[in-house]
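Spelled out from the first residue to the last, the chains are:
Number of protein chains: 2
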Amino acid sequence: MTETATLYGPVAADIPAVGERLRAIAVGHHPLLGETLAHVFRTSGKQLRPALVMLSGKLGTYHRDRLVTLAASLEVVHTATLVHDDTIDQALSRRGLSTVNAVWDGKVAILIGDFLFAQSAFLAALLDSVPVMRLLSETVMAMSSGELQQYASSRQGMIDEADYLERIAGKTASLFAMCCAGAGIVSEQGPDAVEALRRYGTNLGLAFQIADDVLDFTGDEAVLGKPAGGDLRQGTATLPLILYARSQSGNGLDLSSVRESGDLDLLVAEVRASSAPARALERAHEYAEAARAALAVFDPSEAKDALVHLTQHVVERQR
Amino acid sequence: MTETATLYGPVAADIPAVGERLRAIAVGHHPLLGETLAHVFRTSGKQLRPALVMLSGKLGTYHRDRLVTLAASLEVVHTATLVHDDTIDQALSRRGLSTVNAVWDGKVAILIGDFLFAQSAFLAALLDSVPVMRLLSETVMAMSSGELQQYASSRQGMIDEADYLERIAGKTASLFAMCCAGAGIVSEQGPDAVEALRRYGTNLGLAFQIADDVLDFTGDEAVLGKPAGGDLRQGTATLPLILYARSQSGNGLDLSSVRESGDLDLLVAEVRASSAPARALERAHEYAEAARAALAVFDPSEAKDALVHLTQHVVERQR
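First to last, the protein sequences are chains D and C.
Residues in the first sequence are numbered from 1 upward in steps of one, following our numbering.
Residues in the second sequence are numbered from 1 upward in steps of one, following our numbering.
Just so you know, these hints were derived from the structure itself, not from any lab.
Don't take every hint at face value.
If several chains are the same, the list does not tell them apart, and a pair holds so long as it fits within one copy or across any two.
[What the hints assert, rightly or not] Computed list of lysine to aspartate or glutamate pairs in EDC-like fashion (alpha-carbon distance at most 20 Å, straight line):
#1 Lys107 x Asp85
#2 Lys107 x Asp89
#3 Lys107 x Glu20
#4 Lys107 x Asp231
Bear in mind that the values here come from a model prediction, so they are computed numbers and not experimental data.
Kindly generate the complete structure, drawing on both the sequences and the hints.
Here it is, written out as structure tokens:
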């Protein structure tokens, strides 16, 4: 809570209302649905997306309840994708809690994810804004398209930077952009401000995901709670690996042949020891800088300061 | 096509436009997404839902293109649920075509289903109507909730008529109701007409699903292309079994113990030979009659005649 209070400054007090909206969703259903929904909303993570909604809304007319509704809708989208991702990856735990596919099974997890996507649209419809709903549908299309592309790439052992950027733009940055631009619409900001928020969110999302992918290689295994190089072990080529491969042999590294030969531990160690993670993090800093630049159109305010500070936080965090 | 022309009378000529909209969705994506979308829209089934949209719209101001957009949106929802259902059931073919999970795998099928749910919302957003979008989100929530309830019931070997009706109301009738009521909104009909269309769609959907469940027991296996009693074999208790069980022992049949003892062939044969399928079909006729009654508020027209005729067709069809 202390970290949240510092990071989310002027909106920190309104963030818990988002969690309350989420837990209210679980009430009034048949037992299996109610229990599963209560389970997925039990923990709440860092609340970065709700904070982006509330801070972006603070730059305009701060309709607190409507912004909480938008934040809840987008947190539900995020949760739906996590439930389906965990099903796809057959992951057993997330944020220290068993996954839906682990507690129940993959069938329940698919249906709960579907319910959550619809629930997010239902919450967004309460805002009575067709532009927000259109943005939401485009965001979910971009997210699932990005995940599909990641999957196609990993099957082909593909190591390509343009492909990587397109993937993370879809699977991560699009929802960050939706949080900020959607809040801009709800808080009655003009088209230029909404576009600036979209650019801020997109660039922040790219910085966040690259930093995440760097941490996957360099992070303290005890802090992360998982072994280093997890993405690579799952067949996903992220930026540190891509930069490492380029420095070795001009894109000549074939990930699927490395996977087959079983030299994954060695490869992870080589990437960790190389300059590639640091160079990838530099790229994250560049996107963070672009996110800050997008905020130039806004007058000084506490909310703007917090958004600026977040661009540093996402690339400097240790977990 | 001849059957369609007879059944869908005044809107038959506009139905192919829906398929064209669907196939257009597959264009302009990365290879895996494009190929998968082209695959799922290759065949089109009986087009009952698009016909319900166009016929219901014909009772009001017939905005052909807007109704085609709504029909496409709802056919995309239907397709999304089929893709996820096939993944859950690990089905290998549908409508004579390999399923997404069979051609690719369950991971791709989950993500394509998610993309399709978002695509349906995107199409619906083109109609610029928050009530339509709200209805759509409520419909998808009801559908996934109904499927979850069916799954919970089948695991418990539950044989209960109220539970059955709630399940099929969610998983089938809600989308039929959305087709009719959504078209009522788009064709600028008043609240009473929209409510009448919702009741028509709900009752037609219940009649349709019960008839489907009866056919699963009594249908000609050669025509259906699958062995009789498929639902029962998958652990799902449908109305014929529920009525049979009640006539035997006052709800005393325990489906899970039958499944364990392996007497499924015998049980299917007993249900087929009993009066239960005919009694279930009577119930379907009652819902069809309720659907017809809901149409009383509308003036005579060719479209109304076609909607009336559909209430007979759904309970009398052989496949």
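Evaluation of the provided hints:
| no. | hint | result |
| --- | --- | --- |
| 1 | Lys107 x Asp85 | both (13 Å within a copy, 9 Å between copies) |
| 2 | Lys107 x Asp89 | both (14 Å within a copy, 8 Å between copies) |
| 3 | Lys107 x Glu20 | neither (27 Å within a copy, 32 Å between copies) |
| 4 | Lys107 x Asp231 | between (25 Å within a copy, 17 Å between copies) |
Against the hints set out earlier in the document, a violation occurs for number 3 only.
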